[in-house]
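These protein sequence lines map, in sequence, to chains Y and R. Going by my numbering, 168 is the number at position 168 of the first sequence; the sequence numbering is gapless. Going by my numbering, 204 is the number at position 204 of the second sequence; the sequence numbering is gapless.
Take these hints with a grain of salt, some might be off.
Just the calculated beta-carbon pair ranges, DEER-fashion [stated by the list, open to error]: (1) R:H225 <-> Y:K254: 44 to 52 angstroms; (2) R:N171 <-> Y:K254: 40 to 48 angstroms; (3) Y:I192 <-> R:E61: 51 to 59 angstroms; (4) Y:I192 <-> R:S156: 51 to 59 angstroms; (5) R:Q80 <-> Y:I104: 37 to 45 angstroms.
Straight-line C-alpha distance at most 27 angstroms; calculated DSSO-like pairs for lysine-lysine [as the list claims (entries may be wrong)]: (6) R:K116 <-> Y:K82; (7) R:K174 <-> R:K123; (8) R:K67 <-> Y:K258; (9) Y:K82 <-> R:K70; (10) R:K63 <-> Y:K82; (11) Y:K152 <-> R:K10; (12) R:K10 <-> Y:K82.
By construction, these hints were calculated from the structure, which means they are not laboratory data. For every residue, glycine included, the Cβ atom is placed at its ideal position computed from N, Cα and C.
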Amino acid sequence: MIKILKYSFYDLMRSRWSYVYFAFYLLLGVVLLFLNNDLSKAVITLMNVIIVLVPLIGTIFGVMYYYNSKEFTELLLAQPVKRTSIFLGQYLGVALSLSMSLIIGLGVPFIFYGIFKSSAIWDFSLLLITGTFLTLIFTALAFMIALSNENKIKGFGYAILLWLFMAVIYDGIFLMSLIAFEEYPLDSFSLIGTMANPIDLSRVLILLKLDISALLGYTGAVFQKFFGTSFGVIVSIAMLLLWVVIPTWIIQRKAKRKDF
Amino acid sequence: MISVQNLHKKFGKNQVLQGVDLEIEQGGIFAILGPNGSGKTTLIKSILGMVIPNSGVIKIEGKPIKKDWKYRHKIDYLPQIANFPSNLTVQELINMIKDLRGKNNVDDQQLIELFKLQPFLKKKLGNLSGGTKQKVNIVLAFMFDSPLLILDEPTSGLDPISLLRLKDLINSEKEKGKTILITSHIMSFVEQVTNDIVFLLEGKIYFKGSITQLKKQTKQPDFEHAIASILQQSYD
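Construct the complete structure from the given sequences, taking the supplied hints into account.
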């Protein structure tokens with residue numbers, strides 16, 4: 001698996017898009033720091049961008065890489081290599097190179113700005129950690145969808161729909177149901193609703209870390225009570241891990257049964 | 001060498017293999033023939049483990065291949081359509097496959113020379129012509145000294161001189177005692193390299209034996225007509 005990972009990683013490292021993605025984050029970091037002149041504010045703005053953009057890029061790159069490297073995959077399948085390691089290797093290759101673009105692209109401007117001497121270092125690290133998690137999650141989901149759909153257009157469509165659902169529609173449904181059931185106690189419902197979507201979970205985690213939960217009103221207080229504790233943080237991380245493990249497991253299962 | 005028992009495979013509603021039984025002995029060249037869609041490639045891919053059969057057993061050197069992958073060390077495969085990752089160079093691809101198989105002391109230089117591939121080594125695979133890609137494909141398949149060699153339409157896109165070299169190459173591999181499976185639609189090529197054929201029709205083995213036997217059975221003077229007469233029966 002390590003060999004496949006290595007080749008997928010190299011392959012992506014030579015691709016133009018990795019650099020575009022890297023340059024985008026570099027630029028974003030520099031511009032935000034320049035405009036805000038304040039690390040914490042830059043982190044908040046970055047969060048808003050990352051929460052939506054990272055899953056989108058992970059989805060698109062994952063699906064594109066799978067379909068574009070189909071020939072390569074077929075070549076590998078005839079070699080004495082285990083099936084699951086081919087697909088897991090490719091998946092990790094994509095996810096790791098994307099995470100690297102994110103971490104280095106944002107890390108460089110923040111390091112030059114002096115993040116290590118600032119109190120925002122933990123907020124910033126949390127941002128990068130959730131960003132990496134989101135990359136791992138959405139690339140895995142994209143691979144899972146691509147593996148189940150022979151048709152490129154269909155696979156691409158489903159993957160984008162999934163992203164749209166998670167990033168936009170889910171929130172809408174969530175809010176509407178909160179309004180519809182406002183007469184009932186909704187503490188645990190909203191907690192579970194937030195936990196079930198990795199994008200929402202990441203957003204809440206970062207917001208609470210930034211101590212602006214007061215803005216969230218009553219819900220914010222409930223969330224602070226839960227996520228503020230170490231138990232809450234452990235549950236959230238476990239939830240994000242679960243979001244990585246389950247699609248990866250499905251990839252493995254699908255890979256074993258597929259015909260090429 | 002290869003033993004296939006009661007192999008069934010369905011793609012959706014399309015029943016491609018309907019109970020294939022086949023024994024291939026060690027050493028020699030065997031041609032797998034059949035009309036389009038008769039299941040030749042599916043059979044080969046099942047042996048390679050790329051297609052997972054619905055039922056049936058495939059054994060290589062007596063061992064079932066199900067859930068195994070190490071047995072592919074014994075197989076070299078030449079795929080029908082040479083599709084390679086387009087942003088690698090020829091040399092990189094060769095090195096990568098060597099690395100993946102964990103064999104670095106192979107004789108690829110001689111093959112590269114044989115097919116005059118030196119000028120292309122530094123070129124990207126995406127920029128090569130169909131015939132050149134097929135030559136790279138051949139180098140990759142013949143580079144390792146595995147006991148079983150599977151060639152799916154090896155002649156496609158080759159110029160006459162490369163075709164001659166390919167025939168010599170196949171014959172020299174046979175001399176080494178290897179087992180070689182070939183599929184092809186070019187009957188004259190088949191006739192030149194082997195005498196043993198397996199004829200697939202509608203997902204079953206229709207005939208297995210020598211070309212002479214086939215001619216006798218179909219009462220036709222030459223091989224091409226013999227094959228045509230079988231096909232004629234199935235089209236009627």
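Hint by hint, here is what the structure shows:
1. R:H225 <-> Y:K254: 44 to 52 angstroms: 47 angstroms, holds
2. R:N171 <-> Y:K254: 40 to 48 angstroms: 42 angstroms, holds
3. Y:I192 <-> R:E61: 51 to 59 angstroms: Given a distance of about 55 angstroms, which is inside 51 to 59 angstroms, the answer is holds.
4. Y:I192 <-> R:S156: 51 to 59 angstroms: Roughly 58 angstroms apart at Cβ, these two residues keep to the hinted range, so it holds.
5. R:Q80 <-> Y:I104: 37 to 45 angstroms: 42 angstroms, holds
6. R:K116 <-> Y:K82: Answer violated: K116 of chain R to K82 of chain Y is near 33 angstroms, above 27 angstroms.
7. R:K174 <-> R:K123: 32 angstroms, violated
8. R:K67 <-> Y:K258: Cα-Cα ~13 angstroms, so holds.
9. Y:K82 <-> R:K70: 8 angstroms, holds
10. R:K63 <-> Y:K82: The hint holds at about 17 angstroms.
11. Y:K152 <-> R:K10: Holds - the C-alpha atoms of K10 of chain R and K152 of chain Y are around 22 angstroms apart, at most 27 angstroms.
12. R:K10 <-> Y:K82: 24 angstroms, holds
Of the numbered hints listed earlier, those contradicted by the structure are 6 and 7.
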